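Please put together the full structure from these sequences, using the hints given.
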Amino acid sequence: MVEITPGAAQPSRRLHDDYMALVGRRRLYSGILLALFVALMLGGFNLAADRNAGGFWSGLPSFFDFPRDVISEAWEARAELPGHLAEFLPALVETVNIAATATLVGALFAVLFALMSTRGLAPFPRLIPLVRRVMDVCRAVPEIVIALVLIYVLGGGPVPAMIAIAIHTVGALGKLFSEVSENASPKPVEGLQSVGANWTQRMAFGVLPQVLPNWFSYALLRFEINIRASAILGFVGAGGIGYELRNAISWGQGKFDQAAAVFILLFVTIVAVDQVSTLVRNRLIHGGAP
Amino acid sequence: MLQIEGLTKRFAATTAVDGVSFEVDRPIMLGIIGRSGAGKSTVLRMLNRLTPSSAGTISFEGEDITALRGGAVRRWQSRCAMIFQQFNLVPRMDVVSNVLHGTLNRHPAIVTLFNLYPAADIHRAIDILERLGIAETAAKRAEALSGGQQQRVAIARALMQDPKMVLADEPIASLDPMNAQVVMDTLRRIHDEDGRMVICNLHTLDTARRYCDRVIGMRDGRIVFDGTPAQLTTGVARDIYGADETFSEAATSTEIRDRADTPAEIAIRDAEALT
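If you read the protein sequences in the order shown, they are chains A and B.
Sequential numbering from 0 applies to the first sequence in numbering that gives the first Met the number 0.
Sequential numbering from 0 applies to the second sequence in numbering that gives the first Met the number 0.
One should not assume that every hint holds.
Unchecked claim - Residues from chain B that face chain A, not an exhaustive set, calculated with beta carbons under 8 Å:
no., residue
1, N114
2, I125
3, A134
To be clear, the hints were calculated from the coordinates, so they are not data collected in a lab.
In this text, all values refer to a predicted model and were calculated from it rather than measured experimentally.
Don't be surprised by glycine CBs; every beta carbon is placed ideally from N, CA and C.
The following block contains the structure:
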């Protein structure tokens, strides 16, 4: 196939040897990494099993006891399920409202924070580390802590929950939005700069059209997460479906049929949000055509 | 060797390829020309089974390609290499790994995931790179190479498949004239030296005339010309491209010529002669 002349034989041999040595090194590294991974997983598992109060293996068979109880109880009282669904619907609407408002407010601030913290787009590049740390703080503090503090200050109700979730959303979405904008092409922005557009105009016409579909799907994913977060905050007195769930889920009260109704409502809501998200995202990407 | 009968591709509203039939009885270098949107790419993609066909049959050495399903499709694809306009390499992997991808169909997934290609395959990949004159790039990332080098890596990946047939979809449309010539010479070489059939979509007439044994012209999804390069006159070309008398080959030519003959170059030469 290849004609090897005496003069060319030497460099060719060297190319083969060099590359084979490279392959050997790579295989060695991946072998070491794999062995390390397996060792850490095994070691970590043993440590965790030792420190577990009950014992992992002995507890494993009863893993499904609770779900089985919930399902069997709910099945026995299945006739009352439609009634429960109707009963909890207003609470679900409140929970979804908290999540929607928090997502909307959080996303708006996240847009600003994201653009302020993206290299190449930020109007004040020196502020990038500061903006990023602010977002880190927003993400680091658990929602439930902020909510508890706000409930103490403002009293129980949906508003403290909304603010708590919105703060976390700013941090989470700001980071994701910023990473999306980092991958946006700088060419349209340069084109707009060449006609004398200011920062707001460059962002609105050069960056937003590129990143909007991705931002939108991240925001809707966040909306799903926020519905769950808002349900959890109901446990600590923020109202909504979480409050109903806390009352129903406690073991031994025979209210598992109500708990099942709450789960069904939450599940249906998440599925609905997911479907809408897919639909809207496809429209955004394909320019109106379904 | 290759028979195509009534091959058709319908998309939602349009018919991209409309009843294309032709036959090739021995390994030749076949060029397909036509303006963009004529259906050239769709024909090649249907041959490789990247795109399913709506109607018609493709048979290669007596085997019905359109009837293949599942694993048989992937085995066919490994025997029918494809080269793309934008090279379609994995940018972050090194050149030899990209060439070794040509053997993916022959190895179980787990072997390739752990990069445990047989040493013989690795040596053969480097030999192929050497043959195409880019062996010194072996350990570089594909994205670090120039367009012409990347396209040669893509040809090396195709050769690694050891295919009977190589499909090339506008292989030189993203390259400068110098690199375009190197890549076309390489495609001609793998035809001449290995006896592989090469089917090549082209958008410039001079390339088709210079490199191909037979040329098919497509317009609006149909074959409107099928003949030797010598029969490909300017009049025929106007039919294929649907152009009027103002159509001039020189205006779009990318061939490197010995003497300048575009109006601008003549003007420059005249100006230089005066000084």
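Each hint tested on the structure:
no. : hint : result
1   : N114 : holds (6 Å)
2   : I125 : holds (5 Å)
3   : A134 : holds (5 Å)
Hint violations for this structure: none, all hints satisfied.
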